[in-house]
Amino acid sequence: MTAASKQHASTKESNYLTAGYGVRSWLLTVDHKRIALLYLISLTTFFSVGGLFAVLIRLELLTPQGDLFQSETYNKLFTMHGIFMVFFFLVPSIPAVLGNFFLPLMIGARDVAFPKLNLLSWYVYAAGGLVTLFAMFAGGVDTGWTFYAPYSSTYANSHVILAALGIFITGFSSILTGVNFIATTHRMRAPGLTWMRLPLFVWANYATSLIMVLGTPVIAVTILLVAIERLLHVGIFDPALGGDPILFQHLFWFYSHPAVYIMILPGMGVMSEIVACFTRKRIFGYKIVAMSSLAIAILGFLVWGHHMFVSGQSMYAGFVFSLLSMLVAVPSAIKVFNWTATMYRGSITFATPMLYALGFIGLFTIGGLTGIFLAAMALDIHVHDTYFVVAHFHYVMVGGMVMAYLGGLHFYWPKMFGRMYHEGLAKVAAVMIFIGFNLTFFPQFLLGYLGMPRRYHVYDEDFQVLNVLSTAGASVLGLGFALPICYLIFSLKFGKKVGDNPWDAAGLEWTISSPPYEHNFHEIPEVTEEAYDYGKREAARV
Amino acid sequence: MSTEHHVTPLRVYFTVFALLLGLTFLTWWVATIDLGAWNTTIAISVAMTKVMLVVLWFMHVKYSNKLIWFFAAAGVYWLVLLFGFVMTDYLTRLPVTGWGG
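Heads up: the protein sequence lines correspond to chains A and B, in order.
All letters in the first sequence, in the order written, are residues 1 to 542 by our numbering.
All letters in the second sequence, in the order written, are residues 1 to 101 by our numbering.
It is worth saying that the hints were derived from the structure and are not from the lab.
Where hints are given, some of them may not hold.
[Stated by the list, open to error] With the C-beta cut set under 7 Å, the calculated list includes, among others, these residues of chain B facing chain A: (1) D34; (2) K50; (3) W78; (4) L82; (5) V86; (6) T88; (7) T92.
A virtual CB, placed ideally from N, CA and C, is assigned to each residue, including glycine.
Isolated chain A, as found in the complex:
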């Protein structure tokens, strides 16, 4: 895509980073790019907290005995790891950081539709995070991130209400971001930027926003019902009070399964941008890839019962949910096949973002295919609540989403800050993360298949070798994650300055200065061509 009116850089003009100084200029900003950076800092903090819990879990699991922690402490460790990673990192990560920064740039807008609402969403997110951190310091919570009732609503002896309140508050941040992105995409596209010319990253964030707006209120209500039962003893989920525990699981998974797509869909959007740029080709089957995002968003709402095959749910309902779960694999597979087809006979460059993209394709495919295993009722009964499930969702969430997030961060970093990181170190980190990840989580497939249950810190001695391998992998993975934090921060001051379009990428965001001006575009561009028009660029180059 090229804009009819090109934006010319002026070195004298201040960019969004230099438009204002001081803490006040950041904390009261309504610039979508600055808000994205506020999110980047807070998300990285919560990712580090969640990661710290993962380190402690893996250390404990080095030996079959409970050497380091009591059972109760271990329960709190995996609960806090799940809560911070899911609600405070995975769900908001790409939409809040890369979406906030690039969605308006990609559609030729000067900001999102509701800039003040955007800032409010960050404050709400931060408030929710602080409440949950307080719950952690007050003693933590031991229910698992799933808060299953009636344990959470009646029996748990930890800070359930406080942690749930943090998640409840943060949910509103998701809703605000979702509403903002939907309105922005509908109302603020540049002239000529029709729906079928939109970058696939915008399509993916649009589909994600639909899920955020439609699904998040249900988890908020569910949390509220747990609080009502816990505080007022009104029978909702606890059978002893006349409630139904399976109702909790229905309500919880109605949000929390689509939440998996909130986490992965924006990553798929990033993937399309990277694969197109580093293969110098238009995404194969653009329309079907765009539509598959919507299909995932809609079908993703109809599969939640596959988390409940052993809960006592009706087997007929289980059958329907199993069938629908198989169906949702189709649009996901379409994306993977189309990225692969895009690479076919492409002029591939193995820059750091592309390494992450290639990692994503392989790891997400394994995560997705093992999801089919779990959607099959008979097999799920064998591996339910084992490490097989833990490995499966980490292949999707870390192997998929975190790889895409890191790929996107490396791809867009020079645009965000006007400086390039150390490419050699970045490649080393990408390879370390790939190897460390597989060494951590592949053994867990085997552990689960052999019968090791999740959420226990004492296990059979036969499982120790695989657990040691997993912990060794986690060490490599941890170092791999620490490396980008160091060289990316280093690059802010010492990185080589780059031009407006260091990757020679297509898209409106690459036509403006790096870092972008405060209001993005001097003139709103007019779009006359389709997205990813790399064919014309390459022809012009020849």
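Keeping the supplied structure of chain A fixed, place chain B upon it in accordance with the hints.
Relative to the frame of chain A, chain B by itself:
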């Protein structure tokens, strides 16, 4: 029809508010009478009526364009999906015969 230019008279808001209070009273009153399965049906019907009043008048959907109607309808449709699929479980469960039964 555009949201920006429509000004709703105050009396409409007060009328809707009075209706909401009346329906809340109706919910309480019906709850004091044993109508068997009809208690739930009436309670949900009253709740849905209140939702419609709030969405149409307080949230101005009545005066909004088709896109807003579409999104509002999507919200209702998703609620139907939630209830519908939960009921596929509740209505098709096998009878519990007890342990070992």
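Task: Unmet hints by their number, sorted upward, for this structure - done: Going through the list in order, the structure violates hints 1, 2 and respects the others.
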